[in-house]
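J.: Below are the chains, spelled out letter by letter.
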Amino acid sequence: MPHIFAALVNLNHPGHYVHWGFIQMSVANLLVIGLMLLVFVLALVLPFPHGRAAARERAARPEASAVDERPEAGTAP
Amino acid sequence: MTSTPPTTTRTEAVLATERPTWTGRFRSRAERSFPPEKLLPDRQPAYVSSWIYVFGALTLGAFGVVLLSGAVLAVEGPAWWHVSRVGLYVNSLHLWSTELFFFFMVIHLWGKFFMAAWRGRRRATWITGVLAFLMSIATAFTGYLSQQNFSSEWISTSAKDGINATGAGAFWNVLDFGQMLLWHVLLLPLVVGAVIAFHVLLVRRRGVVPPFAAASTVVSEPYETALLPSAAPAGPAHDDFGPEVPHNEEAP
Amino acid sequence: MNHKRFKPDRDVVEWDGPTVRYDLFKEVTVCFVIVLILTAGFAAIFGSPDDPAITLKSWSNADPVDFVQTAITELDGTSGTAGYGPPYNSTSGVSQTIGPVSLESLAGVGVPINTANDFVIDPLLTLPNAPAVDAAIASFQSAAPAKQAQWEAAFEKVAATATFNGHLQLKPGPYGPVGVVMRQLLAMARSGALDGALTSGGQLYSTNSTKPLLFIADGSYLGNVATAYNLSGAPPQWGMMNETGNYPGQAWLWLYTFWYRVPPMSNSSSGDAEVWAIMMLLTLLLMLVPFIPGLRSIPRLTRVYRLIWRRHYREG
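Protein chains in written order, with the working numbering: chain U, 1 to 77; chain R, 78 to 329; chain H, 330 to 645.
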């Protein structure tokens with residue numbers, strides 16, 4: 001049982017670093033930052049499935065689309 | 078149909094003449110600001126259809142795992158994870174859930190920035206979000222200081238100069254394991270939890286920020302009234318979400 | 330009714346268009362489970378680091394000369410801790426300042442440390458059956474301050490060329506009882522007794538590791554080990570962000586550590602205070618973005634939102 005708690009990948013070896021001008025960063029940190037940027041971009045561009053359900057609901061309704069229904073903001077008391 | 082019991086009318090009459098209680102006043106204010114369908118909604122605006130919206134919930138989920146793994150470490154005490162393989166695994170859970178917590182939080186921040194999510198009386202939501210970020214960093218910092226190993230030794234002796242320079246070092250001693258552990262386990266998580274709760278309540282109150290729209294001349298009220306409970310009854314003009322779309326789930 | 334000019338970076342036309350089905354509890358639950366699975370996976374694959382701390386024992390055995398060279402500065406008051414000023418002691422003129430203000434000095438000596446007594450004399454006095462040490466300390470303490478300074482300076486001079494081959498090899502010199510004091514402190518450290526004496530202060534329970542940490546940090550050994558791990562804050566390393574081995578560190582400290590490399594902070598004696606002041610200012614700016622014209626216009630001008638709400642703009 002204890003063996004499943006030992007790490008499969010040993011990260012305790014001396015760290016790898018990248019040097020770029022006066023910037024020095026660990027490969028690990030660079031990976032994390034790179035991954036964050038990648039996930040952010042993916043979150044923006046990947047299609048979101050929910051929209052299809054909304055489109056189905058709108059199509060099922062006899063009234064016109066949302067734009068015509070929306071009253072002018074700020075005119076209500 | 079039975080008639081209204083006379084006590085109801087009498088209670089109302091009594092209430093009308095009595096001084097309001099703290100409890101009653103708080104309850105009324107809470108009911109006005111957070112009617113149940115606003116506090117626990119099961120509808121959201123149709124424009125919420127992007128994966129970027131999931132990152133707030135992912136941050137919350139990560140916070141939950143951080144708290145859970147931290148609780149297990151607390152149950153066993155600070156020496157456990159140094160001597161037990163299970164303890165080391167739980168420590169790893171605590172470390173990686175913290176990494177994920179910041180990972181999702183920062184992406185959530187980027188998303189909210191590019192949506193200009195402070196618009197429309199949502200500035201307090203933005204401010205509490207940044208505050209949660211800062212308090213989380215402080216909490217993680219005290220966590221690193223509580224490790225009782227080379228990492229905490231180096232971090233504490235290095236960080237002391239910066240902290241001392243602010244004057245805080247006179248009463249907040251990063252070299253004092255006992256003090257830092259208590260701040261990490263009790264005080265700071267309470268603060269972070271409270272700020273997050275306030276932040277989420279603000280999101281529920283104002284709703285998710287709408288997309289950028291065309292300019293018009295008459296818009297939202299001045300910001301000075303933004304944090305006061307809405308005096309007007311909740312209605313289409315003041316609701317953050319629009320009138321209900323007929324909910325034809327059973328329709329084909 | 331207020332008629333205020335609409336500012337697109339501050340104001341909004343509230344939505345009263347269509348809504349869709351949404352399950353708040355389900356979303357948070359699913360997210361919690363996703364993070365739990367990811368966490369369990371990362372923890373199993375990568376684990377976490379736990380390198381043991383350097384102790385006075387491990388330090389004095391690995392580098393006894395560095396230990397002795399540090400110990401004499403603790404006795405004569407020239408070590409980093411001894412000359413630190415607030416919060417450890419009231420050495421004047423060393424506090425960091427921002428212009429005329431020194432927050433450090435204003436806060437005062439909240440963690441009082443007298444390195445000569447706390448790190449050297451008092452621990453040695455706890456040794457039982459050590460008449461030579463007691464005599465040396467008594468001789469030292471009863472001498473005039475000028476004599477003490479003479480002995481200390483003489484010892485510091487020979488310590489600079491000291492070697493170790495199982496025993497500390499020192500050139501002879503007029504360092505009087507200081508020689509005995511230093512040798513005994515080294516022996517006490519190498520045995521592990523100094524760690525105990527400094528942490529517990531004679532009590533059974535202790536949770537305050539301030540004294541041994543400050544003593545260790547005054548030496549070069551700790552910094553050398555950290556530099557080998559790429560954890561140093563001194564250029565060219567960006568140590569503040571890093572973790573031992575190949576573990577990710579604290580990437581969010583990138584901007585904080587960046588300023589330490591930029592003049593004038595990089596060679597200022599008040600560098601820490603200055604960097605903190607800059608970061609507090611930037612943090613305030615981040616918090617107040619909604620109020621700052623120009624800054625709050627960036628989202629609208631960069632048009633990233635066209636991606637986020639593309640379905641809305643297409644169908645609306």
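Simulated from the structure, these hints should not be mistaken for laboratory data.
Ideal placement from N, C-alpha and C gives every residue a C-beta, glycine not left out.
Be careful, since some hints might not be right.
[What the hints assert, rightly or not] Far from chain R by the CB rule (all over 12 Å, computed), these chain H residues: (1) K336; (2) E356; (3) T358; (4) P381; (5) D405; (6) P429; (7) S434; (8) T455; (9) A467; (10) Q470; (11) Q477; (12) L497; (13) P503; (14) G521; (15) A522; (16) G531.
[Unchecked claim] Below are the SDA-like pairs computed for lysine to any residue, each with C-alpha atoms no more than 20 Å apart in a straight line: (17) K115(R) with I621(H); (18) K355(H) with Q225(R); (19) K355(H) with R281(R); (20) K333(H) with I621(H).
J.: Now tell me if each hint is right for this structure.
T.: Here's how the hints hold up against the structure:
1. K336: K336(H) not clear of chain R: closest Cβ-Cβ about 9 Å, inside 12 Å.
2. E356: The claim is violated: E356(H) sits with its nearest Cβ about 5 Å from chain R, within 12 Å.
3. T358: violated (8 Å)
4. P381: violated (6 Å)
5. D405: About 22 Å separates D405(H) from the closest Cβ of chain R, which puts it past 12 Å; holds.
6. P429: P429(H) is indeed farther than 12 Å from all Cβ atoms of chain R, at 15 Å.
7. S434: Contrary to the label, S434(H) does not stay out of reach of chain R, its closest Cβ about 8 Å off (not over 12 Å).
8. T455: It holds; T455(H) is separated from chain R by about 22 Å at its closest Cβ, greater than 12 Å.
9. A467: Answer for A467(H): holds, closest chain R Cβ roughly 32 Å.
10. Q470: holds (28 Å)
11. Q477: Consistent with the label, Q477(H) stays out of reach of chain R, its closest Cβ about 28 Å off (over 12 Å).
12. L497: Nearest chain R Cβ is 25 Å from L497(H), so the label holds.
13. P503: Fine: 35 Å to the nearest Cβ keeps P503(H) off the interface.
14. G521: Since the minimum Cβ distance to chain R is about 16 Å, G521(H) lies beyond 12 Å and the statement holds.
15. A522: Consistent with the label, A522(H) stays out of reach of chain R, its closest Cβ about 20 Å off (over 12 Å).
16. G531: holds (17 Å)
17. K115(R) with I621(H): Violated, at roughly 30 Å.
18. K355(H) with Q225(R): The given pair, whose Cα atoms are some 39 Å apart, is violated under the 20 Å limit.
19. K355(H) with R281(R): holds (16 Å)
20. K333(H) with I621(H): holds (18 Å)
The structure fails to meet hints 1, 2, 3, 4, 7, 17, 18 from the earlier list, while all remaining hints are met.
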